[in-house]
Structures are given as structure tokens and as C-alpha cells.
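Colleague: So you can see what is in the structure, the chains are spelled out below.
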Amino acid sequence: MRFWQLFIRSLKETCRDVLALSFVLAFPLLFMLVLGISFGDSSPSYTIGVVDNDGSQVSQGFVDEAISMVPAFEVEMLDDAEDALEALKQGDLSVYIVLPEGFGQQVSYVLQGADGNIELDITYDESDLQVSGQVISTIDTVTRTFAGVEIPVTINANPINIETEVTSVDFIGPGIIIFGLLIMIPTSGRLMLRDKESRFLYRMLTTPARPWEFIAGYSLSMVLIAIIQIVIFMLLGWLFGMDIIGSIWLAFAIFLLTAICSIGIGMVVASLSKSENQGESLSWLFSMPLAILSGVWFSSEFMPSYIRTFADIFPFSHAVDAARTIITRGAGFEAVTGDFFFLCGWAAVVFTIGTLLFARTMRS
Amino acid sequence: MTAEDPRLDREPDDSFAIQTFGLRKQFGELVAVDSINLDIKKGELFAFLGPNGAGKTTTISMLCCLLKPTGGTARIMGYDINREPYRVKEVIGVSPQDTTLSEHLSSRENLNLVGRLHGIDPKKLKTWSQLMLQTMGLADRAKEQVRRFSGGMKRRLNIAMALIHNPDIIFLDEPTLGLDPQARRAVWSYIARLKGEKTILLTTHYMEEADFLADRIGIIDEGKIVALGTALDLKTGMIDTHTMVVQAWNLTQKLIIEMRERYAKIDISNGTMTITDKKIDFREIVDRLHDANVSIRSAYIKEPTLEDVFINITGKELRE
Ligand SMILES: Nc1ncnc2c1ncn2[C@@H]1O[C@H](COP(=O)(O)OP(=O)(O)OP(=O)(O)O)[C@@H](O)[C@H]1O
Ligand SMILES: [Mg+2]
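Listed in order, the protein sequences are those of chains A and B.
My numbering puts the first residue of the first sequence at 1, with every later residue one more than the last.
My numbering puts the first residue of the second sequence at 1, with every later residue one more than the last.
Some clues are possibly wrong.
Under the rule of at most 25 Å between Cα atoms (straight-line distance), these lysine-lysine pairs were calculated in the PhoX-like manner [to be verified]:
1) A:Lys12 <-> B:Lys123
2) B:Lys41 <-> A:Lys12
3) B:Lys68 <-> A:Lys274
Treat the hints as calculated values from the structure; they're not laboratory data.
Quick caveat: nothing in here was measured; it's all calculated off a predicted structure.
Taking the hints into account, I'd like the entire structure generated from these sequences.
Modeller: In C-alpha cells form, the structure reads like this:
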């Protein structure tokens with residue numbers, strides 16, 4: 001049970017260093033927030049479906065000169081409301097507008113000074129907070145100021161609840177969580193490297209503890225921290241509107257396996273490095289590109305296939321896929337079996353390598 | 001020592017606690033430990049004396065299985081350091097030259113960690129660590145995290161961690177470095193109590209420490225053991241000159257010149273004359289000074305110290 005003693009020691013050492021602990025816990029969150037905001041807001045773009053039942057010049061002008069003028073809107077013309085609803089459900093549209101018959105006439109009346117009201121039907125997914133908040137009010141504004149005149153307009157907003165709708169939070173949420181777990185690579189080796197620098201590790205190496213016991217001792221405390229981390233991430237995701245459609249436990253298991261892989265890589269790096277600085281620079285150097293290649297922020301579908309093949313050697317692209325499948329599509333274990341065992345195998349291999357490297361470098 | 005050294009071929013002998021066979025460590029071009037052959041009996045307290053960079057720590061690190069020898073081997077309680085490192089680690093306790101503790105743990109937790117890693121029963125460990133903390137004068141701060149300790153307190157805990165699991169072989173690399181005289185004396189008396197029971201290999205820069213504690217002393221310089229024996233052996237065997245110190249009022253230049261002709265070495269400073277020669281006759285010198293009308297305040301024959309032995313052999317001071 002020597003590994004247990006080493007684990008308890010690592011845990012005490014980590015938890016009593018309040019500053020370091022809060023850093024370990026808060027750092028990924030901060031990182032995620034900063035990156036999440038910058039990536040999320042850099043190009044908010046919505047595809048607006050338009051069904052023009054009027055077919056007049058005015059309605060045409062409304063689409064071309066008002067709606068299309070909003071930089072964040074991309075207009076897609078559709079034949080009828082049914083097609084539009086289908087597209088909305090598929091997630092191809094953020095929202096769709098139906099221009100009723102007589103729309104043009106109505107606008108002309110109003111322009112000539114007659115009383116009247118312009119009616120617009122807007123359908124969107126109520127769970128999509130960005131659309132309900134931003135898009136509707138934007139449409140409202142551009143319609144009112146259409147043709148430079150204040151037009152009274154009634155917007156019939158039809159929020160519908162689309163169960164299978166993939167909101168951006170649902171899509172980006174799992175990626176962000178995987179990213180948070182990926183950057184445990186630099187943090188998980190920290191204690192071992194500190195012990196190396198202070199030479200405490202060398203004193204421990206004069207006891208009969210075996211290499212695997214050291215690795216287990218250092219990693220178990222990080223696994224515990226990872227569990228706390230995952231719970232925080234999932235709670236935050238839920239607060240931001242990430243719905244976990246599939247099994248929450250299965251999602252948790254995928255996240256935990258991802259964390260274990262990161263910790264394993266952290267152990268490899270820490271075994272190879274001589275100092276905290278060296279180890280951290282080394283792990284940042286490859287964890288950031290790896291995060292991008294693994295499709296944590298952008299879908300990796302747009303990347304060249306050789307890059308994807310390369311990224312697939314590592315566990316994180318598999319983890320992102322599996323997590324998205326479970327969270328957004330509600331798939332069960334059958335759908336992610338391959339990824340699941342890939343992660344298990346990867347964890348086993350990386351820990352074996354870590355232990356061997358530790359054993360090799362512990363006696364120079 | 002060269003490869004033809006006959007002692008390289010000596011048989012392993014289990015009455016020895018530590019035996020090295022041509023033990024050697026090279027860092028690139030630098031030979032830190034140069035094929036050492038050393039036998040330390042069970043229950044013996046052996047002290048390494050040597051200037052900075054002589055190879056003391058490197059030797060201990062190899063014996064603790066922290067460094068791989070680049071040549072030769074050693075046996076600790078019959079276990080080979082290259083082939084059975086974990087058996088070796090079971091029987092040793094180490095107090096490294098650098099104080100290394102788990103800073104956010106209390107002194108008791110540090111002791112417990114080492115004890116438990118050596119498989120000591122927790123109940124036993126509790127009484128042992130209490131005793132150990134009392135011995136080292138740390139009992140009243142047992143629960144405090146050690147990062148708040150003073151350097152000397154950490155040092156004492158560093159030693160305690162080498163002893164807590166009651167090992168057969170104890171390596172103490174400059175154990176009393178940075179301790180105040182009182183704490184040093186307490187550690188000495190504790191180590192003296194272990195004499196005969198435990199095999200202890202210690203390194204030190206304090207001559208009194210080696211003189212007071214060690215059964216045998218090995219003087220090591222540039223990776224080689226250049227002298228070996230009891231303190232007395234070394235002092236009598238290695239120093240073939242004697243020294244007399246005379247404090248006097250009115251030393252004349254003429255007398256000094258006369259003395260210089262008569263004796264091998266005369267040093268004068270602040271009215272103190274130090275006379276060194278192969279043969280010194282106390283009476284003769286006193287008479288000679290009397291005849292020259294010198295009034296003597298004091299005169300004595302100076303016993304050679306280990307320091308003299310050390311300087312004589314290595315040509316270096318122990319601490320710069
Ligand atoms: N890891 C290392 N890499 C390269 N050279 C080393 C290493 N460790 C020690 N040395 C060299 O080996 C020689 C012996 O060092 P060692 O630490 O054994 O001396 P020491 O006798 O313990 O000295 P001190 O009294 O200063 O503690 C020194 O010249 C040192 O520079
Ligand atoms: Mg040393």
C-alpha cells in the first residue's frame with residue numbers, strides 16, 4: 001500500500017497549497033472563458049430562412065435591402081414553411097421568417113400614411129438563447145426602419161421547442177470541457193517536477209517504493225482533482241444551456257477517461273523533464289496545437305485529412321466525438337464503444353510508458 | 001587505485017555491512033569517485049572527510065541506489081546495489097546533504113510517510129515518531145507544517161527521517177550542517193547512542209565531529225580514499241612532525257634567525273612562536289629561550305589535529 005501513502009502525501013501537498021490548488025482548479029475555467037468568449041463572439045453568424053409568400057417587389061426589397069444588410073445574417077430563401085421548419089430542426093437555420101401574402105401592399109399603405117400594421121411570422125427554437133435574444137430584436141429593428149420610415153410592425157414570434165436541436169452551447173460545450181481536461185497535461189506533472197527540483201523525490205527514491213507506486217501516487221491525487229473539475233465543468237455547461245441528452249454517466253466516464261489520458265501524458269512529460277519550467281513549456285508546446293487539431297474549438301471536418309489522421313493518434317479527437325455524440329445526439333454506449341476503448345487503451349499505454357520512463361530516469 | 005589492485009578480487013564477506021568493489025562514478029570527463037574499495041563492519045561508525053567536491057555525496061548516492069555506478073559495485077548487508085536495489089533500500093536510512101522535506105506536511109506526517117513507505121506498523125510508528133520528535137526537540141511543533149520551520153529545525157527533521165524506520169544502515173551526509181552548538185551536541189549524543197547497534201556512514205566538515213563520533217575515518221580527495229584509519233592512527237601515522245607553541249615577550253630578531261637555523265619551521269605572529277620539526281625537545285627549547293633572556297608566558301606541545309592530518313595529506317583546507 002505504499003502507493004496509497006504517496007497518494008495521500010500528494011493530495012495533502014496539493015490541497016494545502018491553496019494558491020496552487022485554486023490555480024489548478026480555476027486556470028482551465030479562466031482559459032475556457034477567455035477562449036470561449038473570443039471564439040464564440042468573433043463571428044456570430046446566423047442563417048435566416050425567408051419564405052416569401054408575397055412575391056412582390058416590396059417583399060424582395062425587404063429581403064435584399066433590410067435583412068441582408070445585417071452583417072451577421074445570412075439569408076437563405078425557401079419555398080414554403082414546411083421546408084423551413086425542417087431546416088430549422090436540422091439546425092441549418094437559426095430562425096425563419098414568413099412574409100405573408102399582401103406584405104407588399106401593406107407596406108405601400110403604410111408608406112402612403114394610412115393606418116396599418118405589418119405582420120411578420122418568425123419561428124425559432126426557444127432553447128436557443130442567442131437567437132431569441134439577439135436575432136429577433138435585430139429583425140424587429142431592421143423592419144421598423146425599412147425604407148427609412150418608421151413602420152409599425154407586429155412580430156409574431158413562434159418559439160417552438162425542438163428536442164434534437166443542436167444549439168451552439170451543445171456543440172461547443174463538450175469541446176470546451178475536453179479542452180479543460182487537455183490542459184491538465186501541464187498541471188498534472190507539476191508536483192513531481194517540484195519534488196525533483198527540491199530533491200524531495202530523490203529522498204523518496206531511497207525508500208523501497210516502486211516506480212509504478214510513485215506514478216500512481218502522483219496521478220491519483222490529480223484524478224481526484226479531475227473529478228472535481230469535471231463536475232464543475234458539467235454544472236457550468238448546464239448553466240449555459242448545454243443539455244445532456246444521452247446518459248450523464250456515460251458522458252462523465254468519457255470525460256474522466258480523457259482526464260486520465262491527460263494525466264498520463266503529464267506523467268510522461270514530468271518523468272522526462274528536469275525542472276518545472278522545462279516540463280511546463282514542453283507540455284504547453286504540444287497541448288495547444290493538439291487541442292486545435294483535435295477539433296476542440298472548430299469541427300475538425302474542415303481540416304486536411306492527414307492532419308485529422310494525425311490528430312486521431314491522440315485520445316482527444318476521439319473524446320470530443322464521443323462526448324458530442326452522447327451529449328447532443330443522446331447516443332448510448334454502442335455508439336461510442338470504439339472511442340471508449342480507444343481511450344482506455346490509450347490510458348493504459350501512456351501510463352505504462354510513464355512508469356517505464358520514470359524507472360529509467362530515477363537512477364541516472 | 002588501479003585495476004590490478006589485489007583488493008578488487010576480494011571475496012564478498014557478510015560480516016561487513018558495506019563493501020565496495022572498485023566503485024566508480026564518472027560524469028563525462030570528470031571522475032567523481034575513483035574506484036573505491038572500502039569495507040565497513042557491521043555496527044561501525046565510519047566518517048568520510050574530504051574537501052568540497054571530493055566525491056563524498058556521489059559515493060553515498062551510489063550506495064543508496066540513486067546513482068548508477070559507471071564501474072564496480074557495492075554490497076549493502078549482502079545485497080548488490082546494481083542487482084538488488086530494492087533490498088538495499090529496505091535496510092537503509094538516508095539523511096541527504098540538502099534538507100529535503102515535504103513542505104506542506106507536518107513534521108509528524110513527514111516521519112510517518114518515510115515510516116509507512118518502509119512498511120512500519122502505524123501503531124509502532126506513532127510511538128517511535130513521538131520519541132524521535134522529542135529527541136530532536138521538535139515535539140512541541142509536531143503538528144505544524146514544516147515550511148514554517150527554521151533551517152535548523154528542518155535539518156533536525158531531515159536527520160530524524162533517516163532514522164525513523166530503525167534501519168540497519170544509516171547514511172548521514174553532513175548531518176549537523178547549520179545546527180547551533182546545542183542542537184549539534186544533542187545530535188551527536190543521539191548518534192553516539194546508536195553506535196555499535198547500527199552501521200553509520202557519515203560525511204562531515206567538522207573535525208571534532210569525526211574525532212568524537214567515528215570509529216574509523218576515511219579521508220577522501222578527488223574521488224580517492226587517501227587515508228584510512230582511526231583518528232589516532234591518522235594523527236600519529238600521518239604526521240611525522242611535532243609542533244610546539246611558545247608565547248613570549250621579548251623575542252629578538254637575532255634569536256629568531258638562530259632558531260630558524262636550528263629547526264625546520266618557525267612561524268612568528270603576535271608574539272607567538274610556533275616551532276615545527278621532526279623531533280622537538282620541550283626542555284631544550286625552553287632552556288634556549290631562557291638563555292636568550294626571553295620571558296616565556298606559556299609554552300606547550302601541540303597535539304596534531306585531524307585538520308593537520310587533512311591539510312598535510314590533501315594540501316587543502318576543509319572549508320574555504
Ligand atoms: N550530477 C552531476 N553531474 C555532473 N557532475 C557532478 C554531478 N554530481 C556531482 N558532480 C561532480 O562530482 C564531484 C563530486 O561531487 P560530490 O557532490 O560528490 O562532492 P562532495 O564530496 O559531496 O562535496 P561537498 O563537500 O561540497 O558536499 C564534483 O566535482 C561535482 O561537481
Ligand atoms: Mg556532498
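Colleague: Is B:Lys41 within 25 Å of A:Lys12, Cα to Cα?
Modeller: Answer violated: B:Lys41 to A:Lys12 is near 41 Å, above 25 Å.
Colleague: Next pair to validate is A:Lys12 with B:Lys123; report whether the Cα-Cα distance is within 25 Å.
Modeller: holds (21 Å)
Colleague: Is the hinted pair B:Lys68 and A:Lys274 satisfied, with a Cα-Cα distance of at most 25 Å?
Modeller: holds (17 Å)
The structure is inconsistent with hint 2 alone, although it conforms to all the rest.
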